[in-house]
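**Student:** Listed below are the residues making up each chain.
Number of protein chains: 2
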Amino acid sequence: MNLVFFAPITGSIAMSIVAYLYWLIKKEDPGTKRMREIASFIQEGANAFLKRQFITILYFIIGLAILLLIAFWPHWQIPFGFVFGALMSQLAIYIGMNATVRANLKTTSAARTSPGRALTIAFRGGAVMGLTIVAFNLLGLSSLFFIFGITESNPEPVSLMVGFGFGASLAALFAQLGGGIYTKAADISADLVGKVEKGIPEDDPRNPAVIADQVGDNVGDCAGRGADLFESGSDNLITTTIVGLAFFPVYGWAGILFPLITRSIGSIGTVVGTFMVRPEEKNPLRSLNMGLFSAGLFAFISFYIVGRYLMNDMALFYALSLGLFASLSISLIVQYYTGYDKRPVKEIAEGAKSGAAINLLSGFSYGMESVFLPIIILGGVTIASYFVAGGGIIGVYGIVAATLGITEMKGIIMASDAFGPIVDNAAGIGEMSGQKKEIRRSLDVLDSAGNITKAITKGYAMACCLMTGVVVLFAYLFEAARMQNMPFVELNDIIINLINPMNIVALMIGTTIPFLFTALAIRAVGRTAFEMIGDIRKQFRESPGILAGKVKPDYSRCVDISTRYALKEMVLPTMVGLVAPIIVGFILGIWALAAFLIAVKIVSAVLATFMFNSGGAWDNAKKYIEDGHFGGKGTEAHASSVIGDTFGDPLKDTAGPSLHILIKLENILSITFLPLFIAYAFL
Amino acid sequence: MNLVFFAPITGSIAMSIVAYLYWLIKKEDPGTKRMREIASFIQEGANAFLKRQFITILYFIIGLAILLLIAFWPHWQIPFGFVFGALMSQLAIYIGMNATVRANLKTTSAARTSPGRALTIAFRGGAVMGLTIVAFNLLGLSSLFFIFGITESNPEPVSLMVGFGFGASLAALFAQLGGGIYTKAADISADLVGKVEKGIPEDDPRNPAVIADQVGDNVGDCAGRGADLFESGSDNLITTTIVGLAFFPVYGWAGILFPLITRSIGSIGTVVGTFMVRPEEKNPLRSLNMGLFSAGLFAFISFYIVGRYLMNDMALFYALSLGLFASLSISLIVQYYTGYDKRPVKEIAEGAKSGAAINLLSGFSYGMESVFLPIIILGGVTIASYFVAGGGIIGVYGIVAATLGITEMKGIIMASDAFGPIVDNAAGIGEMSGQKKEIRRSLDVLDSAGNITKAITKGYAMACCLMTGVVVLFAYLFEAARMQNMPFVELNDIIINLINPMNIVALMIGTTIPFLFTALAIRAVGRTAFEMIGDIRKQFRESPGILAGKVKPDYSRCVDISTRYALKEMVLPTMVGLVAPIIVGFILGIWALAAFLIAVKIVSAVLATFMFNSGGAWDNAKKYIEDGHFGGKGTEAHASSVIGDTFGDPLKDTAGPSLHILIKLENILSITFLPLFIAYAFL
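Protein chains in written order, with numbering that gives the first Met the number 0: chain A, 0 to 682; chain B, 0 to 682.
Any given hint could turn out to be false.
Identical copies carry no separate label here, and so any pair may be met within one copy or between two of them.
Stated by the list, open to error - Okay, derived cross-link-like pairs now, DSS-like style, lysine-lysine, Cα gap no bigger than 27 Å in a straight line:
1. 549 x 26
2. 26 x 551
3. 551 x 436
4. 281 x 551
5. 632 x 194
6. 352 x 622
7. 345 x 567
8. 50 x 622
9. 50 x 341
10. 25 x 352
11. 352 x 537
12. 549 x 281
13. 537 x 345
14. 50 x 197
15. 197 x 632
16. 345 x 50
17. 567 x 32
18. 549 x 537
19. 567 x 352
By construction, these hints were calculated from the structure, which means they are not laboratory data.
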């Protein structure tokens, strides 16, 4: 059997499991009328946002598809792949989010009788997203093999798959930015007016922004992150396959199929991991870890099989395992810097006693420090996998394998990540529908487990992102070499001239892009929040009955404002991301563009890590104080920690994740446009 | 006459002017007994700090000198230059600071009769620092020409001058870090306990930290910045001269003298500019601008003469002028982003109405945005000067000329910068000695002019720093090539292999160093402030008479704490700066080290600019509110803006300026150790 069929088969199996999980969730008890009502508000808001976001993205897709059609005429593959990738991404997050906005209600309902059952439902909801993404990666890219007629005797068209990656990246940037702006603007506004100004608790139904806040969890943390992982999965597959094309003289057809097959096995690992998550009453984290651990073990064994029998090269097994090791250890480091019970968070919380500024400085400082070790580990794994594979040009394929090793756990990690917004929502629905204290407490236990899985995901995403970035760079360089008919033996000499100031200037400009992008993303949150705060204050002012709990606030107004502004504000940062590499490519040329891409990549990864970890640490420092340390709620220290948390929110949930997508968008876009840059360079 | 004598002659002229200015300041009226008493406290504290800092630095100097002596034996030039550079730096800031701690008192005193006279005295105090630094650069480096026997027939030993640069850089990093930690810890503590907790005004003599705060202005803003500019001046001269050595086949001896002569003319320009600052009652800024403008015009004319007659290459005149233009336009951009009356600051201030978090996010966002345009301008000037000079390897000399153009205004800029802490101190002495309201108001007018000059300096320092960074990179590459006996015609092919992961990993690690360094620098401020806050609270608690104004607080305790902790805390970040390039150089090799240095340089420059501009904007947003906008003092908005200002302070005044020095320290250190890396590389 041709091994290329392995991917669509495992992809289809994964999708059948998705259907099964969906059916399992659907047949659960939907709870009381009040619970259903609240859940339907969230569901409607999330769907409305996704629909309007899709329309906005559609304009860009159509416009760019026409441009690509003209630019690449008569080659239809790039624009076709572009549209295909973007639509697959949107469909995947539509399916995934439809599960999360159902699973939240069922989780709350189940918590009334069995907390363990609630855990299982929530995890299954997340697994729908995780599996859909992995399956769609496999189905989408393997179908390109058939559509483009990629075979052992005609492997060259794999390089045309970049169009798919470009579409997936663009859709993801929109989804993550739009969702990220939405969720943080709603979160900040709900907190600032509700908690700080009016003194009502979180998730209080009197808060006009409470539904928008819940919707935000779904469209930001869930749909946005889903699109992110879909694009990083496809970009990773595409670029490793392109590097495989360059290694055709060494590994042949197996080198091209290696990524797809490794990932296919990963999808089975995700299924295995999902069913290893068993109901657990006391310690939900143990249950989630069981899922992660089984998927990890499965990956490790499969690496051996792939290395031994598919590639006939045990060095690749070692490199794959090195990648797995890196993703694990980076997750541990992130847990140290953002963990609730670790020194940094405690010190940041203690700083809040001396005022908000000390709390801020301390979190800022730990966030900046936290970038060091992960990078050292990644650097070490890069060099180690390079030498393990034999160094030289062959060593590069070792780095590719390490990257595949890091990204192998994508599905199960996404499942635990999407678990977060589901239990967060479930706790919200519990609060708003007035459930009993013990039910709410058991949902809170799940919620705090969700916070930890979210933190792990971020560390993992960062490791994936930077390593994929290295491989994407190789793909770019190899494609540039291939288009200039450089033979394989000369690839070792792809160089960048340091005396040529064009390259230095490209590095400089590349360094500023992540800063500029972050600036625009954060400003977008600020502007959207500003509008929402105005409306919430107006609602409280115009009908005093809202605060008294006698009049229902108009939830839809807040939902509408965040939808409109998030979609409006996501355009400018995206344009910066799209335009910058095109200008650099045309004016400074393709080697300067490589320098530009390197700078964007490394600086974005480091900046995003800093923002993730500072934001996460401030968040947990606040929780630490809220749990009664340093005086608890109502103290100066608590007020200071709330400032840190609010400041950190858009850093960690809007700018940071979007930067991850930016890296890959700029890279894949540059590969897509390579032939045009070569043909029409200015300098 | 041998043109090499031009430097010591102009340097000596500048030092005679320094003596004259010092005499002018000294003969001014010293004011009342109370004023003299306060000034003597500041003077003693500043001198005590400088002395103890010198002892700490001395340990490092001796230790490193011995190491260098062993490593380079029997070549004594590197260790000799190292000690010489470090001592020159310390002597320069000792002279400069002795003028500022005298000029502050005389400025307050003069303000009682003539605000215009006060302005002149303060500016002269600053000019002592500015001129001393330029003169010491010239005297120090030209004497190395004689000591090392550098002549037209034996130009090679210019490369040994790097030892001097290393010494100057190390001393500067200590001075800037130590001074920066001191000043910000004192500032934050005085504000947090005095202003926020006890509600007493700024510079109130009841605050136990008030003297430490004033001392901090001198040791941080003045001595620290002086050491910074001394090292960037010498590194700039040394590396441009080393590049000149590589261009010996093209420009001959003139190419080696070009930097020294350009800078000698610059010292005359500083003298001219100093005496163009005339007493001005109403608009002190106009008077300061007059000084800047005259020095700029003088530079422009001298560029023509140097290009036309010394170098016989008008392209260099254009390149020099391009540099001058870049420094001007970047200063304007910085003024836009941090200016009191510009849109960003107003928007940040308005954000404070919605709470501290919005104020923080807005400032963070504008700071990040602000890095974009300066880098684009620098990139444009780099490319333009490269092509103006003819492109190719010759084009590199055009970039060198542009860098000399940017750094030409160093003396006069330093003078206006040191003007800042003098008038700040003068206002403090006025407040503490209970001067009349109108006198204090006229000092406040000078103080706000000083804030603007400080902001301009930071933009200018950033432009200098990044451009010097580019030239230092060239010096590194040319030295590496020279040591491997590469002929001039091959220099164009100095390249970095992108397929070799060592280079990519070096770029990654280089990117994290500025983040790690910033983390440690900010933590140092936090820790020092923590100790001081404890002591201030204790003083208030133990003798309630202090707050009532009946008992004098023990100023010396706060001065002692900040001195001790600042000196202790400055060591770790410095060690990171010293050790990182040595490890990379020995393990990953000299070309990977080049990649590391590029990353450190560009990321530091961008990160520092972000921190300068965010910090400056938060500072001015607070002032904007204090002047009565959005409700003025005592409102929620004001409290929020104070948080932004306090958070921004260590970013802009400790971490940012220290990063500038870090860049050059790592570069010059790498050049110094080049022969050892080549001999003992690991991989």
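**Student:** Take the hints in turn and mark each one as holding or not.
**Tutor:** Against the structure, the hints come out as follows:
| no. | hint | verdict |
| --- | --- | --- |
| 1 | 549 x 26 | neither (35 Å within a copy, 78 Å between copies) |
| 2 | 26 x 551 | neither (31 Å within a copy, 77 Å between copies) |
| 3 | 551 x 436 | within (23 Å within a copy, 56 Å between copies) |
| 4 | 281 x 551 | neither (37 Å within a copy, 60 Å between copies) |
| 5 | 632 x 194 | both (11 Å within a copy, 25 Å between copies) |
| 6 | 352 x 622 | both (14 Å within a copy, 25 Å between copies) |
| 7 | 345 x 567 | between (39 Å within a copy, 24 Å between copies) |
| 8 | 50 x 622 | neither (34 Å within a copy, 45 Å between copies) |
| 9 | 50 x 341 | neither (41 Å within a copy, 40 Å between copies) |
| 10 | 25 x 352 | neither (48 Å within a copy, 46 Å between copies) |
| 11 | 352 x 537 | between (34 Å within a copy, 16 Å between copies) |
| 12 | 549 x 281 | neither (38 Å within a copy, 61 Å between copies) |
| 13 | 537 x 345 | between (38 Å within a copy, 24 Å between copies) |
| 14 | 50 x 197 | neither (33 Å within a copy, 55 Å between copies) |
| 15 | 197 x 632 | both (15 Å within a copy, 23 Å between copies) |
| 16 | 345 x 50 | neither (42 Å within a copy, 37 Å between copies) |
| 17 | 567 x 32 | neither (35 Å within a copy, 64 Å between copies) |
| 18 | 549 x 537 | within (17 Å within a copy, 51 Å between copies) |
| 19 | 567 x 352 | between (39 Å within a copy, 24 Å between copies) |
In summary, the numbered hints that this structure violates are 1, 2, 4, 8, 9, 10, 12, 14, 16, 17.
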